[in-house]
Amino acid sequence: KQEVTQIPAALSVPEGENLVLNCSFTDSAIYNLQWFRQDPGKGLTSLLLIQSSQREQTSGRLNASLDKSSGRSTLYIAASQPGDSATYLCAASQGGSEKLVFGKGTKLTVNP
Amino acid sequence: DVKVTQSSRYLVKRTGEKVFLECVQDMDHENMFWYRQDPGLGLRLIYFSYDVKMKEKGDIPEGYSVSREKKERFSLILESASTNQTSMYLCASISSSSGISDTQYFGPGTRLTVL
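Chains as they are written, first to last, in the working numbering: chain U, 1 to 112; chain A, 1 to 115.
In silico DSS-like cross-links for lysine-lysine, where the CA-CA straight-line distance does not exceed 30 Å:
#1 U:LYS42 with A:LYS71
#2 A:LYS13 with A:LYS3
#3 U:LYS1 with A:LYS53
#4 A:LYS3 with U:LYS104
No wet-lab data here; the hints were simulated from the structure.
Here the structure is a predicted model, which is why all the values come from computation and not from measurement.
Okay, chain A solo, but in the shape it has when bound (with noise of 0.2 Å):
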């Protein structure tokens, strides 16, 4: 079984403070997303990468940055919190070569509060 996992399930942070969420897929996806969630916005998509090194901008990259040193790890970066930055996020893998026939494998996600 494909597996996800996302460094903490709630985090609080103050205001203007660097935030380092974690994330690590065990099946050796190329493939890694980093999405928020909101009530009424729906999933979004913040960044993605396509190798290591590699990264590309999604719908709302503003405040954010990423890093991808290993194949299995992709770390979202909030380089100064605001409250505006509450949200639940969510870390996604998938294959290059799954062609049509799979889907993302999703983290259980981190509840971040900044007060």
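Bound-form chain U, shown alone (with noise of 0.2 Å):
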């Protein structure tokens, strides 16, 4: 069965920082590696989608690459500003099936 781990759980930094995200997971058949992020109360919004045959996106400030040999994802996130404050969550798509299996997500803080 698979399982998704996100470390750290928790993570503040100052403005400008540039910093990386990990994700893992135990089963490498999978179809895609999703990012997501979530602001408190709301739902999610996709931010990053890499498919299995893919090594990385890139979305603006936003990087995600992906290694199906180690099962890790990375979302990096260059010169943060304080907007990007919220919660970060992967998923991994499971091959043959629209299902996806959620980490717990990172809360992310950046302090101006």
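Since each chain comes alone in its own frame, lean on the hints to assemble the complex.
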């Protein structure tokens, strides 16, 4: 059964810092790996999706990488801003299924 | 833009009440999902549906049922609400033809409190 783990559970950084959020998964038979953002009390917003055949995806200041062989993905945020403060969730899409298995998230606080 | 809406943002119910949570999507998606989200436990799949009148249990279906009478609408039913069902409930949808390149689209969530 797929398990997704995110470390750290919480992270606090000063504005302007570059940072990396980590995600690991136990079963490499994934369709894709997705990163979401969740603001307090709100739903999830998709940030990046990396297909199983891809190594990375970029959107603005965000870059996500995927290493299936090691069961790891990272989300890199460049030049962090207070508006980046949110919980970031990664999720693995199981092969042959539209179901997602989620990690518990990393709560990011960017201090002005 | 895909839109997924949920009938209520906040809901307060009494123990033993029957509770309906409604989710509607406007993109003709075949697949719809209900999750609950709790601190320290993350998102857990309750039920999902891959077509009208079709459903499958997720990881934590106990105490819940679902209904999918129309393609755009997926309802979560708490037959007899209990305090341990106090949670944030999130609905999502995705097309069956999306392959590996599309994401699930989430609604804004319903914060349910059972007293």
